[in-house]
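A.B. asks: Chains L and E, in that order, give the protein sequences.
The numbers in full-length UniProt numbering rise by one with no breaks, and the one at position 310 of the first sequence is 310.
The numbers in full-length UniProt numbering rise by one with no breaks, and the one at position 287 of the second sequence is 287.
These are computed hints drawn from the structure, not numbers from a lab.
This structure is a prediction, so every number in the text was calculated from the model and none was measured.
All C-beta atoms, glycine included, are put in the ideal place defined by N, C-alpha and C.
Careful, some of the hints might be misleading.
Claimed, not checked - To give a feel for the contact side, a few chain L residues facing chain E, derived at Cβ under 7 Å:
no.	residue
1	L48
2	V160
3	L192
4	D215
5	G221
6	R232
7	F253
8	A261
9	V264
10	E295
11	H335
12	Q393
13	K396
14	L398
15	L400
There are 2 protein chains.
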Amino acid sequence: MKSFMDDSLNSFGATTEGSSAGPLSDLVVVDLSRVLAGPYATMVLSDLGARVIKVERPGTGDDSRAIGPFKDGKSAYFTSINRGKQSIALDLKRAEDREIFEAMLARADILVENFRPGTMKKLGYGWSALHARFPQLIYAAASGFGHTGPDSQKASYDMVVQAMGGIMSVTGHPGGPPTRVGTSIGDITAGLFTVIGILSGVHDRQKTGEGRFVDVAMLDGQIAILENAIARYAVTGKAPGPLGARHPSITPFAAYPCRDAHVVIAAGNDALFTALCRAMDLRELLDDPRFATNETRSDHADALGEILSARLGEADAADWLARLDAAGVPAGPLHDVGEALGHPQVRARNMAIETAFEDGTPLTAAGNPVKISGFDDPASRPKAPRLDEHREQILKDLGL
Amino acid sequence: MKSFMDDSLNSFGATTEGSSAGPLSDLVVVDLSRVLAGPYATMVLSDLGARVIKVERPGTGDDSRAIGPFKDGKSAYFTSINRGKQSIALDLKRAEDREIFEAMLARADILVENFRPGTMKKLGYGWSALHARFPQLIYAAASGFGHTGPDSQKASYDMVVQAMGGIMSVTGHPGGPPTRVGTSIGDITAGLFTVIGILSGVHDRQKTGEGRFVDVAMLDGQIAILENAIARYAVTGKAPGPLGARHPSITPFAAYPCRDAHVVIAAGNDALFTALCRAMDLRELLDDPRFATNETRSDHADALGEILSARLGEADAADWLARLDAAGVPAGPLHDVGEALGHPQVRARNMAIETAFEDGTPLTAAGNPVKISGFDDPASRPKAPRLDEHREQILKDLGL
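Construct the entire structure; sequences and hints are all you get.
C.D. replies: In structure tokens:
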């Protein structure tokens, strides 16, 4: 174990720059994953300092290189998720390429893939084969339905698990058409749970010296984020429906219309409700038994919403937000993506960073939300790789 | 370092049950957090084996004990998120209670809180004070806006960051009213990034012997999950709007109406589009230049949607799903929460588990989506704690 880690740091390791490179700077990730769930996981690992080597299909590479939006023919989608990674093109059905791949696995800490379950086994790289040959290797698989269960072998994509996992049934407006969560939350959630599984495996390996198999299903991740909706179903036996723009169990906690635009008000407890009523000159609500507790307010959420909306309609959103802010009531505007990225707090936290397409053209992307003391939180990240860009360096590091 | 870890394992550690208890079974978490973002993070840690000790306010405890849905006066919301944790009631302004708290910190690996920034400092427990006294301690703070930046001191809640972070601007239907993601994705995302920060800190501590400060903002987490929406804004300079139930850059990838219900079809590449057209007897689409590539299909998403919907309307969802399944085209039904929890794959993956209210009454909750080889994945989890239930045991473990 020790010798592997030391060796890793000296030649094939992520960096020799020390702590400024991130807490995972001694870890090497071999990344077979494509499109989003796997690449999102390895982006998080890379942002935290790990060396991530994308192993891409010769010719076309990661499918997301062909998914828009494009700039000058290059995918901004691919670029934003794969910034800072290295690329080598390998055909895992060719003997010479398998040799390179296996030399990488012998030195790596983590293997990530998001193929349909069974694909790795067909290549001779199933978990038991890998574990026997590379006992130190942590192998993480993100898939649609997971590596066990009756639907294991089926392919899936984000929207299928958003639909099957129930989140679409609680998103949208009552009686309205089906509504997707506007980002690929099925992939992203699976990516985050994959990172958690990998880091748990890294911790376990410190104790045992052995790698583990981490098996994350996108569908499982959707169940895991249903929270209150499961509690409501479990208690009432009735499946909850969509509620538009309000919280099911906390009131007032919703988007309300002002004269010019909507605002969100989140008065999550009695003290905040009192502050809200005072700030809005609606003190009479404090004596109304319908609004006495959070539970009764939730029972009368529509009636309360009408009263608040009528009052909010008398002025503009900015005026109301200033007033609520002064009263310490959590509230905020509905930002579009440009407004969100330009917000002073988002800027101050380095959450709109600069990376670059493979030719160096700059691209704005989301930053790293995991801020850890003692490590840099850079306002820019290295560019995304050209297909096979790092072949020479990788072969040199491997002594091949 | 070594002696601390050993000591932790022997007396104050999570478990002596060995590997079946999870990869984090040697870690002790002191948890000051309330409601959702922090408690969700410590739930994930607990499910992976860590010993989590909730330090609750005497009298009322965690605010979410008073948030519905309720059964016999007990919160199912609180119970589902706090299963398997221990509870001690401490008033951090009283000298005797501070002594107990500090004895816990001296033996713990991780401290988690989700107060408004500044609260811990006022209590004398800011990061520099804690780090000086408890150098081994990893301190993770989840807050609305983070511990730095101009809005740092403001309180926030899930819906405020959903609004300010931009996800509401891409969720819903064009021209329709504001739409919240139907679960508290602002809290949950922050919780997951907090876990990633904590485990990164645990890994770093193996190398340095020192704890770190992990600072996660709910707003930052919302930016981090915008993915494709940021890429579109960065390339076009135009903020994307909501798209109802379809993917912005992949087509066909949407919910479509059959005769009786909607289905989601996710034909994410050319091969799947070909398979889809064949399975639906729509081969003529394969010769239509509008639908030749994913990019052209995305440019003509509405036209393609109308053709597919017209054909799908001729039969029921179950028939179409059987046909698409046989053709290997990713597709699925729109499940409500009950259907999702009852689905055979979800059951087979232990994603609908049984836990219990503090009095032992059973409650269905979401399982642990991080499956790791060599560790049990139980179909039930220990109950949620009564307020202060574990005081005696904790004091005994501390030798107090």
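A.B. asks: Any hints this thing doesn't respect? Which numbers, in order?
C.D. replies: Violated hints (numbers, rising): 8, 12, 13, 14 and 15; every other hint is consistent with the structure.
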